[in-house]
Structure formats: C-alpha cells, structure tokens
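Engineer: Please work from the sequences and hints to get the whole structure.
There are 2 protein chains.
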Amino acid sequence: MPIYQAPVRDTLFVLNEVLGYERYTNLPGFSDASGDVLEAILAEGARLAENVILPTNRVGDMEGCVRHDDGSVTTPKGFKEAYRQYCEGGWMGLAAPVEHGGQGLPYAVHTAVAEYMVSANLALLMYPGLTQGAIAAILTHGTDEQKTAFVPKMVEGVWTGTMNLTEPHCGTDLGLLRTKAVPNGDGTYKISGQKIFISAGEHDMADNIVHLVLARIEGAPEGVKGISLFIVPKLKLDAAGNPGERNTLSCGSIEEKMGIHGNSTCVMNYDEAEGALLGEPNGGLRAMFTMMNEARLGVGLQGLSQSEVAYQNAVAYAKDRLQGRSLTGVKAPEKKADPIIVHPDIRRSLMTMRAFNEAGRAFTLWTALKSDVAHRSGDDSDRQAADDHMSLMTPIVKGVLTDKGFEHAVMAQQVFGGHGYIEEHGMSQFVRDARIAMIYEGANGIQALDLVGRKLGANGGRAVQAFFKEVGEFCEENRADEKMAPYTKALKKGLNDLQAATMWLMQNGMKNPDNAGAASTDFLHLFGLVALGYMWAQMAKTAQGKLADGANGSTSFYDNKLVTGRYFMERVMPETAAHLARLSSGAETMMALPAEAF
Amino acid sequence: MPIYQAPVRDTLFVLNEVLGYERYTNLPGFSDASGDVLEAILAEGARLAENVILPTNRVGDMEGCVRHDDGSVTTPKGFKEAYRQYCEGGWMGLAAPVEHGGQGLPYAVHTAVAEYMVSANLALLMYPGLTQGAIAAILTHGTDEQKTAFVPKMVEGVWTGTMNLTEPHCGTDLGLLRTKAVPNGDGTYKISGQKIFISAGEHDMADNIVHLVLARIEGAPEGVKGISLFIVPKLKLDAAGNPGERNTLSCGSIEEKMGIHGNSTCVMNYDEAEGALLGEPNGGLRAMFTMMNEARLGVGLQGLSQSEVAYQNAVAYAKDRLQGRSLTGVKAPEKKADPIIVHPDIRRSLMTMRAFNEAGRAFTLWTALKSDVAHRSGDDSDRQAADDHMSLMTPIVKGVLTDKGFEHAVMAQQVFGGHGYIEEHGMSQFVRDARIAMIYEGANGIQALDLVGRKLGANGGRAVQAFFKEVGEFCEENRADEKMAPYTKALKKGLNDLQAATMWLMQNGMKNPDNAGAASTDFLHLFGLVALGYMWAQMAKTAQGKLADGANGSTSFYDNKLVTGRYFMERVMPETAAHLARLSSGAETMMALPAEAF
Chain A
1 MPIYQAPVRD
11 TLFVLNEVLG
21 YERYTNLPGF
31 SDASGDVLEA
41 ILAEGARLAE
51 NVILPTNRVG
61 DMEGCVRHDD
71 GSVTTPKGFK
81 EAYRQYCEGG
91 WMGLAAPVEH
101 GGQGLPYAVH
111 TAVAEYMVSA
121 NLALLMYPGL
131 TQGAIAAILT
141 HGTDEQKTAF
151 VPKMVEGVWT
161 GTMNLTEPHC
171 GTDLGLLRTK
181 AVPNGDGTYK
191 ISGQKIFISA
201 GEHDMADNIV
211 HLVLARIEGA
221 PEGVKGISLF
231 IVPKLKLDAA
241 GNPGERNTLS
251 CGSIEEKMGI
261 HGNSTCVMNY
271 DEAEGALLGE
281 PNGGLRAMFT
291 MMNEARLGVG
301 LQGLSQSEVA
311 YQNAVAYAKD
321 RLQGRSLTGV
331 KAPEKKADPI
341 IVHPDIRRSL
351 MTMRAFNEAG
361 RAFTLWTALK
371 SDVAHRSGDD
381 SDRQAADDHM
391 SLMTPIVKGV
401 LTDKGFEHAV
411 MAQQVFGGHG
421 YIEEHGMSQF
431 VRDARIAMIY
441 EGANGIQALD
451 LVGRKLGANG
461 GRAVQAFFKE
471 VGEFCEENRA
481 DEKMAPYTKA
491 LKKGLNDLQA
501 ATMWLMQNGM
511 KNPDNAGAAS
521 TDFLHLFGLV
531 ALGYMWAQMA
541 KTAQGKLADG
551 ANGSTSFYDN
561 KLVTGRYFME
571 RVMPETAAHL
581 ARLSSGAETM
591 MALPAEAF
Chain B
1 MPIYQAPVRD
11 TLFVLNEVLG
21 YERYTNLPGF
31 SDASGDVLEA
41 ILAEGARLAE
51 NVILPTNRVG
61 DMEGCVRHDD
71 GSVTTPKGFK
81 EAYRQYCEGG
91 WMGLAAPVEH
101 GGQGLPYAVH
111 TAVAEYMVSA
121 NLALLMYPGL
131 TQGAIAAILT
141 HGTDEQKTAF
151 VPKMVEGVWT
161 GTMNLTEPHC
171 GTDLGLLRTK
181 AVPNGDGTYK
191 ISGQKIFISA
201 GEHDMADNIV
211 HLVLARIEGA
221 PEGVKGISLF
231 IVPKLKLDAA
241 GNPGERNTLS
251 CGSIEEKMGI
261 HGNSTCVMNY
271 DEAEGALLGE
281 PNGGLRAMFT
291 MMNEARLGVG
301 LQGLSQSEVA
311 YQNAVAYAKD
321 RLQGRSLTGV
331 KAPEKKADPI
341 IVHPDIRRSL
351 MTMRAFNEAG
361 RAFTLWTALK
371 SDVAHRSGDD
381 SDRQAADDHM
391 SLMTPIVKGV
401 LTDKGFEHAV
411 MAQQVFGGHG
421 YIEEHGMSQF
431 VRDARIAMIY
441 EGANGIQALD
451 LVGRKLGANG
461 GRAVQAFFKE
471 VGEFCEENRA
481 DEKMAPYTKA
491 LKKGLNDLQA
501 ATMWLMQNGM
511 KNPDNAGAAS
521 TDFLHLFGLV
531 ALGYMWAQMA
541 KTAQGKLADG
551 ANGSTSFYDN
561 KLVTGRYFME
571 RVMPETAAHL
581 ARLSSGAETM
591 MALPAEAF
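Here the protein sequences come in this chain order: A and B.
The numbers in my numbering rise by one with no breaks, and the one at position 205 of the first sequence is 205.
The numbers in my numbering rise by one with no breaks, and the one at position 276 of the second sequence is 276.
No lab work stands behind these hints: they were computed from the structure.
A pair counts as met if it fits within one copy or between any two copies, since identical chains are not told apart.
Straight-line alpha carbon distances no greater than 20 Å define the calculated EDC-like cross-link-like pairs of lysine to aspartate or glutamate that follow:
1) 331 - 173
2) 225 - 338
3) 331 - 588
Structural biologist: Structure below.
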C-alpha cells in the first residue's frame, strides 16, 4: 500500500514564513485561522488524509464504481465512510460563507488541506470538489431561494453537486451544445439531452445530487451566446424542501477509464427533466467562467498532489531497495548492496520532483491567497490586482502543475523499475490518476490558448506587466546579495527569456494568429518555470534570513531549502531558453503541410 | 478500434534512398531481399500486421492472460491464431541462419517488419521477440547438440523461449542473484530458485517453452563473476528429442500490470528443475551481454512502434473531430466547426510525433544495418566499425526511443481530449503498453550509465570519435549548400553541444564519478537528438536530390520530408542546449542532501 505523510511543516513555511500570511489578518476569516489554529487545522486535515482517506486509494482503483441495471451506482468499499468523516469534519464548507453553513475560513487554508486530501485519494476527493464548485456557482448566480434550498445541504455534504458541460460531439467548443431547455410556463424548464464524462454523476454517498446543466433554451441564439445554466436535482424538492419525486434523468452508463476508477464518470441522460434557470437566460457561459478560476486551481492542485505522493513513495523505495554500489565507493558495507538513493540518476529524479513540489505548493498557495484578497478585500485596487493575478495565473497553475504532476508520477514510477509497472505498489495508479488532470477542466492546450489569447493582453497587459515588475524588482533588490546570486541570476535569465517571448508574441501574434497558437504551449511552460523559479527565489531569501537569525533549531530544514532551490535553478530553469527558441520559430513550418499529408 | 497502416513507403525511402541498402548486397542474405523482393516482404509483413495482428490488440488488453489453478496460462482470444500465422509466414526465423531453419535474410529487414508487427500488438510480439533472443543466445553459446535440439523448433515457433534474470531482490544488480545450480554429475544441473517478471514464462501457444535461466553453480564466486546460464525446458526432451516428461518448474502467479496485458508476465519457480549449461561455467553474464545489443534495439523499436501507431490514430481523430474554428478564419464553412487539425497546438503535437517517428525509423534501420555488417561482413575493419557503432548506439536507441515513444503516446492521447482517457478508443492502451519499454531490458537510467560509463570511453573513445567525424564531415560537405542550411546549421549546433558535453564528461567524470552519473540521462538524450538530427539532415539531402532529379512523380512525398525535417530542427533540436546546461551543473547540488533529508 502506498504511504503518505502530509507536508504540514512545508505548508506552514510557505504560508507563514514566505507569503506573510499574518499580513492578511485584516481580511474576513483569516483571524479565525492563524497561528496555532492554522497549525491545528492543518494537523487535523493531515490526520484525516493519512489515516482515513489514504486507505481507500488502492481499493478505489481496484474495485472501481459499479453501475447496476436500475441506473444506480455503487462506489468502492470505504468511500462512503471516508466521505462521511470528511463532511463531519467540516472540510466541505471550510471556506464557504458562514451564513450558508460554512466556516468562512480562507480559501488558502482550504487549498492547503485539499492538497493533503487529494494526495491521499484523488478519485474520492472529486466528489466534494465538484460539490464545492457547484456551491460556488449557486452562491454567485443563484436567487436567495436557490441558495437557501440547496447550499446548506451541499455544505453539509448530504447532497453533492455536478457540472454537466460535455456532450458526445462537443467538449472544448461549447457553442455546438445541443441539450435543450423548454419553458414549462411556471418558471421551470424541461431539460432534454445527453451529457458525457459527468464526474460524480450518480453514486451512493449522498441523499440527493444537484446537477448543474448547460442547455440551450428553445429559440436561443446559436453558438455560445445561447447557452444557459440550469439546476436539475436528481430528486425534485418537495414543498418542505426535502428530496421527493425522482426527476427524469439517469445515468446511462459509466465509463471504463485509464484511472480515477473510484470516480463515477457517467453518461447522463436528461429526458424532459425538470430544471430551474441558474443566473440569466443565455448567461450560462459567463456563469461557468466565474467558477472556472478556482476549479482550475483545484485541478492544478491535483497535479501537485499526485507528484507529491508519488515522490514520497519513490523516496521510501529508494532508501529501502538495495541494488549496486555507489560510484564513489561503498556506502552500506554491512549490506550486500547500497540503497539506490546513492545513485546520482535516482537522486536526479527525486530532486527534480522535490524541487517542483515545494515550488508548486508555494505557487498554489500564493495564488489561493490572491483569490482570498480578490473576494474578501475591502480595497478596490488590492482586489483588482489580486483578481488580475488570479486570472493570469490560473491557466499556468492548471496547465503546468498537471503536465509536470503527471511527468513526475511517471518519474517516481521509474524509480521502482519493474516493480513500478505492476499494480501492487500503487505507482501505476498515481500515473493513471494524474493523467486525467491534463485533460479535464479545459485540456492543457486550451489553458495555453487562454493564456496567450485572453490573459496576456487583458487590460492592456496589466497583469503580466505587474508580474514582470514584481519579479524584476525582486532580482534587482537582491542583486548585491552574493548568497542570493545562484537564485537571482537564474531567475533573471528566465525572466529575460519570458519577456523576450512576450515581445515575440506581441510582434508576431497579431500579424498571424497561428503564431500565437503555435507558441502557446511553450509560452505556458516558460511562464510556469519563471513563476516557480520566483517561488524558489523567495523561499531561498526566507531561508537565508532564518539562518542568519539562528533558525530556531531548524538549521537543516532551511539548509535543505537552499540546496533544493539551487537544484531547481541549475537543472530545471535552463529549459526556459529551449522554450523561447522553439516558440520563436513561429507557425510557418508547423502549419505548412496540407491536412491530406498526414 | 485503433487503426494502423504500416509505413512501407517510408521504410523503403530510408533503406533504399537514404541508407543505400543496395551497397550491402555483397553481404550474405542481402541479395535475397532487395529491390522488388524487399518490397514484397515489407508488403506481406504489413498485411499480416494490419489484418491479422492489429485486431488482437484491444482484446488482448481487455482480456489479459489468465492463470489456472494447475499453473497453466491462457492467452487472450485470437493470440494463438495470429501467432500461428506469424510463424507460418516465416517471420520468426526471417533473419535466422538457413542451416537452422531460418531464411538468413538481413536483420535490417527483420527490424523493418518488426516495427509494423509491434505497432499492431506489442504484447503479442513479445512472445516471438523473446524466442528470437533465446535463439540468438543458443546459436552463439550453445553446443552443436544444443543448437540441433532446440533452434529449429524455435525458428518454426512451435517452441518459444524466455529469459530468466530478475529475482525479487535483484533486477539491475545481477550480482545479488541467488538461484542455484547443483551438478547432477551427468552434465546436467538441478536448478532451484524464484524468478520474477518472466515475460512469456507460461502460455498456451507453444508445445514447449525453452527457459534460459541465470543461476549460480554451487561454490561459484560471489557477485557477477559466479553467474552461469542454463537451458531449462518446460518439458524435458526424450531420447528422440521430443517434449517428454514435465520439468519441475512452474508459473506461480502472473502479475497484474499497468499494460501489456496480453503478455504473460510470470513468477517462475524452479524446484530442482533439470537444466544444461549454456556456454561456459560462470560465463553467464557475458552470454547475456552478447544478446543484449539486439534485444535492446528491439525494445527501442517498441518505443518507436507505439509512437507511430498512436500518432496515426491521433491524426485520424484530428481530421475527423470538429471543434472550434481556425484562428486564421473558417476552414470548413459547410460544417458547424473545423476539424481540430487546423489548430496550431494540435499540429504541434502531430508534427512532433511525426518528426520523431521518421527519424527514429531511420535511426533503428541504420543501426540494424550496422548489426548486419558487424555479423556478416568479411572485412575486419568494416566489422569493427559496425560493431563500434552498434555498441555505442544501442543504449541510445533503447533509452531515447522508449522515453520519447511513451511521451508521444501520451501526446497522441491528449489530442483525443476526454475521449483519450476512456479505454474505448485504445489510446490509453498505447500509453500503458509503451510505458514498459522504458523499464525492461535495462531501465533507461541504466542505459544512460552504460553510455557514459562503458560505451563512451571504450577503445579510447573510438566509436564516439567516428560518429563525431561522420556528422561533422556531413555538415562541412554541405556547408555551401544553401538549401541544406536549415538542417546543417541546427545539426552543427547540436553536435557542438554534444562535443562540449563529452568534453565536460571527460574532464569531470574522472575527477568525481558522480558527475558522470549525474550527467548520464541528459547526455543520453542530447546524444539521441544529434543522432536523430543527423538522420533528418541525411533524409533532407536525399529528398533534395530526388526533387532536383524530378522526383519521379513523388514531389509531395519529398516536399513533406523537407518540411518535417525543418520542424525537427526548429522545434526539437533546441533542447540540446538545455541538456548541456543541465549536465554541466555537475553532481554537487544533486548529491548534497543527506539521505535522511528525503
């Protein structure tokens, strides 16, 4: 069985020491979760993840979900009980508003704990994850009646939520959507159509399932301008607000997938199911987009989570497995061979994962804090700057952390050699589970397009200029500090590459939009490297400050940060130049072959 | 169901037009398979792969192998029949010596056809692949009696072979091997021990299974110097040489694996099983190594094969799937959306795979031809040069083509979006199957160590110097040719990076062996890029020559080569600089953390 230990000390380092969490105590909710309380929350989340959720991971993969002839779905053994404990612990509504039954704590704290839970079982955490997304949508776009009717039950976790976008012929291109909504005349609609890839579409862990469904009201405009969002509960609510009559919707089948077997991925059939409009008519796409930032941040976190848990298991194996002798002389003379952690190429894998995980954690928490500012600050310009940051960084968090998360799950699997390829050790599962995060919630190619096509130029490039300024100033401020040189030099070089790439895009993307498309994925990853490099530079700065102050008995903790950060600069950052070179070659060759030539 | 069309025209281009196959007709076997005959062989191999083998691929994944209580194993539906047709077509012994029942044709032709077969079903082709490896071992190290007793039946395919190396506690480090061999006094031995991950260890497709087993003769030296190789048939041969009494060996279980479900991966238990020494006592490791070059070339080919078949399926989907509109204006106005092949980021994926596949094919065939020269030429210096090449390139073919093959299977899956993650389209299977090739036959980290630790410095660096000279001269010869500039400039830049990396290794690897280990994987991939870049430069040169000569009605074929090669130079070759930068940072930071810090 896989092991996992939640990196609580690292989370606290990032929140308290690097990101200055205490600075935010003026925002609602923060003073309820700082200092010892913050530590206690993280420790409690860690306990649940390690002791309750982790044991369900392998069994979830092996058993999967089972659909019965009546359309009902059974989740794997142990899911129900673990989910119950998750809900009872108040984790579902940790960051939800107090007036709707939540605890109103910072989204950053939710994000910190979510990492642990998702590391422990990605498939299981999708049920609450989708519910949290649906809660956010109802809170933002719902009427007071809708909020009262649905949110408290969902915060409690006794009802769960889903998001119904995809249809067989349309995923990315929602303009092609065919599911239709016919007004009943009483404010409700009859929803008819087929949706696919609906996560948590049907299962046995909740008393009701609140489906949010994109559909086209009869007579609405074609394309994305004619899409509306509906609340379509599995069981219609009776006069008292309790689940009553069964709605005419059902799970037609569940998908055989590469991974996340514990998630019930459904084909959902709506046959004149009764639904209510959520938000404005034809405003469905906008409604979707308002929840997308945090949903995508959540998926980015899945990439990080799988990288972290896979890394921890690779470390344990590398310390335990005896094979060969160190190139620099025997390290464990009492044993027949040295543990493989002595071999540089194994170290390369471990350090690569570690350096990414620690920076990725800082990157997601930084962005989650910005989300808190964007939603909770009373200061307009703070809110705007934070919102700019969120919008800009969302596709990067999602695209980069999931691409790398998968890559690192594969790397961790490789440390196990042949033992990684058999299912017994669970390394294959991490790879298979991590794979989905690159695809759903907008495939990573779409994230890259969102970045170059929408985010980069938004408001005259305000967000990206602010980021360049911040990173540039950091490098400048620390230029004279010799101890910081290994970090700031590499970061500055990366920033230069990123600025050159941005310039290239401005000059060539207008001329020929295919140039922007051709550059997009390389640009996304180049941006990601600079953002992660900036996290490392900040963490190094903090560590050096702590060491200079005596480090409070944690010398090795901070020393290790400095080493790991240097590794990132030496071994990961050089990739920025390759991204710049590739994207600067433009679209011409890429697009030169006629389609028939393929 | 996945599609597949064997790239026969491309194979012929590489063999005949680029590599000058006709120059080798002085070697035994070549004149029997050139011109029209070569074309006919490839076409027949293609037919078998497409029509007979491909249909077994999905079912093999879904059904897997089943072990029964008596230790017997049933292969998936259709495997037996497809294997029978493979054997009846003479494919098992295509390159085996005529005097042992083979056809004596070039190994390069075998390699060309093997690509098609393995694209069609990797798991199925492992059964003949292992048999061919065992045939080679017996032919090289066996007595005349052993050759006569085993080889003809194996060439016919009615008996198959296996290779038993790994034990639970030892994979890479064979010195730890515990399986023991006790002499019976009559020239035979009693073999006892447990072997794991034994591909094709037990199955229902052959009348007998010839296990080659590494074991330690009682009293032999410790470590790798005390390992011997044994022939241990499942059914002992009777006086007439027919399978008779059951040997005391059995399949204890079969592994649940991430992929290659159609391959029976067995735990094999030997309980005083009767075996005969193959080769010299304590010469087992050397015996293994002599077959390793071709076995590793075969695994490299698996990487290429999965990349190719995954690419073809991604192309078909990209032409068919309608989603969104081209950034440069509507391309299919009669449809509700454009096929996704119009989108640059989809093109990027397709072109990356295509550029790799075509160069990878040239690289494997080039190396296979060198194997023919090494084994068949009458000229000592030709043989030596070819053998140098084989030794040097083997870890690169294995490591680079399998790492990239997997990466491209993932890339092809991504083109399908959510449809790639469900099992229905078979894209997940390509990813899961391709994954094993990075691990077995020496994990890719071991390939990298083999390259920097053994191959690079062998014979005073003779092999690597010859390669540098050949590539350097090619660049020099074509320096004045402006049409070749896009290819030679990028290639020369890559060669410079590779030479700088080699120099760095020579200066720093001696000083501290960890520097060599820390550099190994980056060096392997840097070398691979230059080798593949060289293939592209040669293909471009050939294509330009053909176009200048009128191209015989194939203008677009050669034009497409030039575009694809340019793409490789623009978008893939820039990575050489990143590899150089990374490896030049040395081992210090990588090895700085104490093991307890992980």
